[in-house]
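Protein chains: 2
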Amino acid sequence: MKISMDCYPCFLRQGLEASRIAGADEKMQERILHSIMSALMKVSRDETPPHIGRLIQSTVREVTGNADPYKEIKKFHNEQMLKMEADLVRLINESASPLVTALKLAGTGNLIDMGPERQWKNIAEIFEDVTTKNADYFDHSSFESFLKNAGTLLYIGDNAGEIVLDKILICFLIENTALDIIYAVRGNPIINDVTVEDAEFVGMTDIVRVINTGADFPGVDLNSCSVEFLDNYYGADMILAKGQGNYESLSDESENIFFLLQAKCSLIARKLGCNVGDMILRKQPRA
Amino acid sequence: MKISMDCYPCFLRQGLEASRIAGADEKMQERILHSIMSALMKVSRDETPPHIGRLIQSTVREVTGNADPYKEIKKFHNEQMLKMEADLVRLINESASPLVTALKLAGTGNLIDMGPERQWKNIAEIFEDVTTKNADYFDHSSFESFLKNAGTLLYIGDNAGEIVLDKILICFLIENTALDIIYAVRGNPIINDVTVEDAEFVGMTDIVRVINTGADFPGVDLNSCSVEFLDNYYGADMILAKGQGNYESLSDESENIFFLLQAKCSLIARKLGCNVGDMILRKQPRA
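For the protein sequence lines, the chains are G and Z, in the order given.
By our numbering, the letter at position 161 of the first sequence is numbered 166, and the numbering carries on one by one without gaps.
By our numbering, the letter at position 98 of the second sequence is numbered 103, and the numbering carries on one by one without gaps.
Errors might be hidden in some of the hints.
All copies of an identical chain are treated as equivalent in the list; a pair is satisfied when it fits inside any one copy or across any two copies.
[Claimed, not checked] Think about it this way: if two alpha-carbon atoms lie no more than 20 Å apart in a straight line, the pair counts; the simulated PhoX-like pairs of lysine-lysine are:
1) LYS88 x LYS126
2) LYS32 x LYS7
3) LYS76 x LYS32
4) LYS47 x LYS32
5) LYS288 x LYS276
6) LYS47 x LYS138
7) LYS7 x LYS276
8) LYS126 x LYS76
9) LYS153 x LYS138
10) LYS47 x LYS288
11) LYS153 x LYS288
12) LYS126 x LYS138
13) LYS80 x LYS32
14) LYS80 x LYS276
Rather than coming from a laboratory, the hints here were simulated on the basis of the structure.
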């Protein structure tokens, strides 16, 4: 998915927010925004939004000298979700359709994203009324049919905090299917995306093999991924890609990819044919 | 009020929206955003937001060749408000505090603004529950005391559509006080701000003398105003300045100015010590 003119204001907002989280003073914030604008004036319109996201975050890191501005926020979100884990597992076990509930929780968790503009103030509020959420764009039937014929699943994570919901869904799949599951994280810190540190912190590494993309890219840029990642990507019977960054970078690929995400901006909503705030589970149409 | 780093993303959003309203294709939109970014990289941080707003709109006009992109929207808003005029006058006449209700309606009408990001979809929705609106930041008592001692009032308008509410308030003041009132509009089309055309269209010119600022500035830049405007500005016993653009450009001046506006962005809300969405009637503290 290519960048649109609508992304430009959002790129500046993102750069400014990241600058402040990284501790930049006014002078540094100005330098960062100037540098982003200067890059935007040269960038090809064929790039994907995560390409610019990566550029924004590397500018923030360079100017502020802060190598991982979101470190504390990620830790806080992971801790908060771990505290809620037992209750959410109970919710799944007590529900009439445990797989659908687990998928919905994993999709809801995708709101814990520090990239796009946020409509929520605290994590607890995200999980209110989770079981009654609009499911108009939630094709769990296709997902279930694919599960039946798949031997291997590559699960591409997105954000810290959210990873606890990924773990709950993966545990459910391990207990109820014969799937061989691999969980993929980013190769290096970028925004609040999951890295191997988060996978270890929440215990994901105890239940499945965790690999990384090999890149500090807030999505999956196949041109910059490691051979190990690519082997698993092309070798998987099915892929579950979480979140907007993975969707933006893989929406034009042709593998057996299911996208599970929250539509967090009008551009994505237009592309998906839904409204901002809708939760999507959808198979890649090009496969 | 000086620009803040928070204004930068908003300037691009504003430029993009104006480009589309002016009929710019993708190529033109890109040219306009590049031109705005290039200007932002050179601009002094001592400028006010309306200075940049003016620059954005002149870039849009220049690139698209559309001299007045908001012309149709302004006409539509004026017409819509004129249709509601009789009902709103009745609402005022039937209320326990007619002046306060007229002021609240005029303040509510300030939502009809095509500059900042909008939370409303149609005009009718703006006037739902108008009489029960939060009045925490609505100092009508000071306004009423000032009215008693003032001989002349300069009323500085803001947007089309909203001007009908200004007219209703002015009619009420004419009927109930001995004030000599002058209404000021912008010197040339800029966003959906009022010009003499709008004043004529809604009948404002039939009830008071209408002057213009002499500038295509979405606010009041005293350095670029006409002598006629300045004479009336410095000569008025009190000034009522509507909206964010007038506030942003006059908030550091020391005249007897009352600001009546909706806080439409977080920067303004911070400066005013209120929340986004609050309606404000407040006397300039520096006077």
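Verification of the hints:
no., hint, result
1, LYS88 x LYS126, "within (18 Å within a copy, 40 Å between copies)"
2, LYS32 x LYS7, "between (31 Å within a copy, 15 Å between copies)"
3, LYS76 x LYS32, "neither (23 Å within a copy, 39 Å between copies)"
4, LYS47 x LYS32, "between (23 Å within a copy, 14 Å between copies)"
5, LYS288 x LYS276, "within (14 Å within a copy, 47 Å between copies)"
6, LYS47 x LYS138, "neither (41 Å within a copy, 47 Å between copies)"
7, LYS7 x LYS276, "within (11 Å within a copy, 38 Å between copies)"
8, LYS126 x LYS76, "within (19 Å within a copy, 39 Å between copies)"
9, LYS153 x LYS138, "neither (26 Å within a copy, 56 Å between copies)"
10, LYS47 x LYS288, "neither (34 Å within a copy, 46 Å between copies)"
11, LYS153 x LYS288, "within (15 Å within a copy, 69 Å between copies)"
12, LYS126 x LYS138, "within (18 Å within a copy, 24 Å between copies)"
13, LYS80 x LYS32, "neither (28 Å within a copy, 43 Å between copies)"
14, LYS80 x LYS276, "neither (32 Å within a copy, 33 Å between copies)"
Going through the hint list in order, the structure does not satisfy hints 3, 6, 9, 10, 13, 14.
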